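A.B. asks: This is what each chain is made of:
2 protein chains.
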Amino acid sequence: MAAHPYYPRSIVLAGFSPQLWSMPAILGVFSVAVFVVVGGTLLLSSGNKRLTALDRATLAWWIATGLIHLVIEGSYAIAPTFYQTTSANFLHDLWKEYSKGDSRYATRDSFIVSMETVTAFAWGPGSFLVAYALATDAPYRHAAQLLVSLGQLYGDVLYFGTCYLEGFVHSDPGWLYFYGYFVFMNAIWIVVPSLLIGQSWQAISAAFASLKPAKVRSKRA
Amino acid sequence: MAAHPYYPRSIVLAGFSPQLWSMPAILGVFSVAVFVVVGGTLLLSSGNKRLTALDRATLAWWIATGLIHLVIEGSYAIAPTFYQTTSANFLHDLWKEYSKGDSRYATRDSFIVSMETVTAFAWGPGSFLVAYALATDAPYRHAAQLLVSLGQLYGDVLYFGTCYLEGFVHSDPGWLYFYGYFVFMNAIWIVVPSLLIGQSWQAISAAFASLKPAKVRSKRA
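Order-wise, the sequence lines are chains A and B. Residue 208 in my numbering sits at position 208 of the first sequence, with consecutive numbering throughout. Residue 81 in my numbering sits at position 81 of the second sequence, with consecutive numbering throughout.
Hints listed in this document are in silico derivations from the structure and should not be mistaken for laboratory results. Be aware that one or more of the hints could be misleading.
No copy is singled out in the list; a pair is fine if it fits within one copy or between any two copies.
Straight line, CA to CA, 20 Å or less: simulated SDA-like cross-link-like pairs of lysine to any residue [as the list claims (entries may be wrong)]:
1) Lys49 to Pro139
2) Lys49 to Ala133
3) Lys212 to Gln202
4) Lys212 to Arg50
5) Lys212 to Leu20
6) Lys49 to Asp137
7) Lys212 to Thr52
8) Lys212 to Leu94
9) Lys49 to Gly39
10) Lys212 to Trp201
11) Lys212 to Pro139
12) Lys49 to Ala138
Note that the structure is predicted; figures quoted are calculated from it, not measured.
Start from the sequences and build out the full structure, keeping to the hints where you can.
C.D. replies: Laid out in structure tokens, this is it:
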């Protein structure tokens, strides 16, 4: 059995098998995939004249985040023993790499598994529903965006909160692992969902506010 | 040091002090308090002719759940060592009693503490905001109700999910503790928030749907 690279060093991982994809290869494939999805969405949506530039950027967010939830986090949720994989499975190796930033993925911490399962199979399809609603101007667009964004935000707050309470012991202290993987990659899902919650809160409030004078008018008529 | 009553029996709780309030006294005071808050809200809101019976029941829910979050769960979030209290503090003894249904409260499991802190200080005041919005027919009523209800629901799903993954080892197997405290008391926050999410989703969708013909009409005019 090979020695694992995770922190705290005392963790025991029976059957650990070292990753075969290198860190630059994993980050490279991930970055290119995100670039293709975001670029492709921006390009393909340019024909829809009803969508503003902000709408198209938001659409790209929902498709990218939905794919990350369903494919990457989904692979984690259904593969409990990714760290034992001996072949060069890209998704398993991605999780072997990410676990350097948070070993709770490898040790299958019960909160991580619960939160990732909900994220993969509720917020994943939910993200595609929001994307569809945005593209088709469905009346439930902002209700769906509010729900999925809060799900992402709350899961992430609990993610950081549990790590804080446990003393941040689960990360390799290296800059890339702590600040790059653990802080930065997760901070994205604090910032963007917060902005989208603000957007939907305002849109919903404005919709109800604009209905009120209409009601008053119809009563007077 | 007294022996604690919690499961699994192997838990070590330094400085545990037995509860002084009896189980019937704790459940009695809690039930009377809920009855007074719900009954009082229904009574006081009867003068508001704009509120339907369902609105008034929903208002009572938000005030009761807000008080439970802020007072009861808030007392847990700020008192890490409730199980060491030697005097007859009602809230500390309530948590000593509830811990029989889930010992993770006494052992300060990092997920429980994170989730209860957010529940007490975000969903608690948030519940009062929803109550205020409902009573005043504020345009953000359904946005707020959607957010706070999903916060309650998701926290509760993770609550059950983590316990399932850990094999339900944290509860006294007695009927009252497992089904009464652990299952029933938490199931309430699965059922009611789900219903209110459905209500707000429909209301928001209807609001946006009714705005669309208005837009079309204004363009034609």
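A.B. asks: Each of the hints needs a verdict: does it hold here or not?
C.D. replies: Do the hints match the structure? See the list:
1. Lys49 to Pro139: within (19 Å within a copy, 30 Å between copies)
2. Lys49 to Ala133: Cα proximity of Lys49 and Ala133: one copy only (16 Å, versus 36 Å across).
3. Lys212 to Gln202: both (16 Å within a copy, 17 Å between copies)
4. Lys212 to Arg50: Between copies only: 14 Å across, 26 Å inside.
5. Lys212 to Leu20: neither (61 Å within a copy, 54 Å between copies)
6. Lys49 to Asp137: Classified as within; 12 Å inside a copy, 36 Å across copies.
7. Lys212 to Thr52: For Lys212 and Thr52, the Cα distance is within 20 Å only across copies (18 Å; inside one copy 27 Å).
8. Lys212 to Leu94: Neither. Shortest intra-copy (51 Å) and inter-copy (45 Å) distances fail the 20 Å Cα cut-off.
9. Lys49 to Gly39: Only inside one copy: Lys49 and Gly39 sit 17 Å apart there, 54 Å across copies, limit 20 Å.
10. Lys212 to Trp201: This pair counts as both: shortest intra-copy Cα distance 17 Å, inter-copy 18 Å.
11. Lys212 to Pro139: both (18 Å within a copy, 9 Å between copies)
12. Lys49 to Ala138: Within one copy, since 16 Å is at most 20 Å while 33 Å is not.
Checked against the numbered hints given earlier, the structure breaks hints 5 and 8 and satisfies all the rest.
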